[in-house]
Amino acid sequence: MSSTDVAQQHRAFVEARGLFRSFGRTPALRGADVAVDNGEILAVMGPSGSGKSTFLHCLAGIFKPDQGEVWFDGRRIDDLSEGARTQLRRRAFGFVFQFGQLVPELTSADNVALPLLLNRESRKKAYRQAGSWLERLGLGGLEGRRSGELSGGQAQRVALARALVVSPKVIFADEPTGSLDSLTGEQVMNLLVDSARAEGTTVVLVTHDARIAAFADREVVVRDGVVSDYSRAGTGR
Amino acid sequence: MSVPNTLLGLLEREPSHGYDLKREYDSYFGRGRPLPFGQVYSTLARLARDKLVAPGEAEPGEGPDRKRYTITAAGRQELETWLANPIEPEPHLQSVLFAKVVLALILGRPAGRYIDAQRAAHLRRMRELRERRRRGGPLDALLADYAMFHLEADLRWIELTEARLATLKEALTR
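Going down the list, the sequences are from chains G and C.
Be aware that the first sequence starts at 1, since it is given in my numbering, and climbs by one per residue.
Be aware that the second sequence starts at 1, since it is given in my numbering, and climbs by one per residue.
Since the hints were derived computationally from the structure, they do not count as laboratory data.
Beta carbons are placed, not taken as given, at the ideal position from N, Cα and C, and that holds for glycine.
A portion of the hints provided could be inaccurate.
A partial selection of chain C residues facing chain G, derived with a Cβ cut-off under 8 Å [what the hints assert, rightly or not]:
(1) ASP20
(2) ALA120
(3) LEU123
(4) MET126
(5) LEU155
So that you can see chain G by itself, here it is in the shape it has in the complex:
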């Protein structure tokens, strides 16, 4: 079978097949599967300790699964070298975590420009694009502030701008509103979803919060390291 034939078998944009991953003797994933379409927003739900964050990290090429395959855009990525996966993450993926994980010594503009600078874009272009995204997410005028000088919602919007600035194909978000109050969390989610829709970006969103999951097109539930996909079963998709 040619590599093209193999790729065609994996028509989903992001796909996991039979993922297993343990930490020491503790299994986190025990045969987890998922298929995410291009441009789709998928919520990954599940109780604490169910393996949903590990699942996201495997899909994003941060963790290597012990067993199973991860495919992205017709290409197997779990068997790539660490260097190749790093390149892929920098160029094709954006990340938003519960606590924005901004570099505290840097300003908002520096933080947002950073992924472009790491991708060897010119400083001029990197800062122009950073400014444009900060403006778009309602942060115009805060370019010079450091993360300690921002509210939780503002910091998370800077993190969102940093994820979007590389025009990623996929955004992986792990409890992106977990540290925010309900109203601010909704504002951040509205920006994330509106931006993703406008750019055609696929989003994989880990959350335990049903109100946040309802921003997604559908949801799957991770339980004991296995994925249940009742949203598709329920709609006949």
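Given chain G, work out where chain C should sit, using these hints.
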């Protein structure tokens, strides 16, 4: 929704005809469920019988009833009492979902699968409400938020029940 008290509230702003009351009711509270004319007039008749509103003289014009209704002092008191008293919290202790989970566990059926299906249905409804909230005005948002918080409460119960399934099964099949 208490239609009589809501109509009393609208009449406290200014005296009105049945037709105008219906239009006002629908614009604030109808939200896809307009009040039938028959219910407006029967409600006004009951309110008049109970001396909570006073009908004016019949006015010439089209339609079955051209009386202008005015709220009475007793009507204002009734309205104040209704507004000031909290409604009874409804804990829904005997919900259908509760019965389904207990039955599934007693019968050795896959309660977890039923819970998953229910969660998916709840989230679908939540998405519909979110869309309605996004497209509508502030009143739609207020109403959608109310429904969404109730769905969220159900979902929290669903998550907790799921986490307790093994313990519940043990207790029910002992």
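Now for the hints, and whether the structure bears them out:
The beta carbon of C:ASP20 is not positioned within 8 Å of any beta carbon in chain G (closest approach about 36 Å), and the interface hint is therefore violated. Among the interface hints, the one on C:ALA120 holds; its C-beta lies about 4 Å from the nearest C-beta in chain G, closer than the 8 Å criterion. Proximity of C:LEU123 to chain G holds as hinted, the smallest CB-CB distance being about 6 Å (cut-off 8 Å). Annotation: interface hint on C:MET126 holds; nearest CB of chain G at approximately 4 Å, less than 8 Å.
About 4 Å separates the beta-carbon of C:LEU155 from the nearest beta-carbon of chain G, less than 8 Å, and the hint is met.
Violated hint: 1 only; the structure is consistent with all others.
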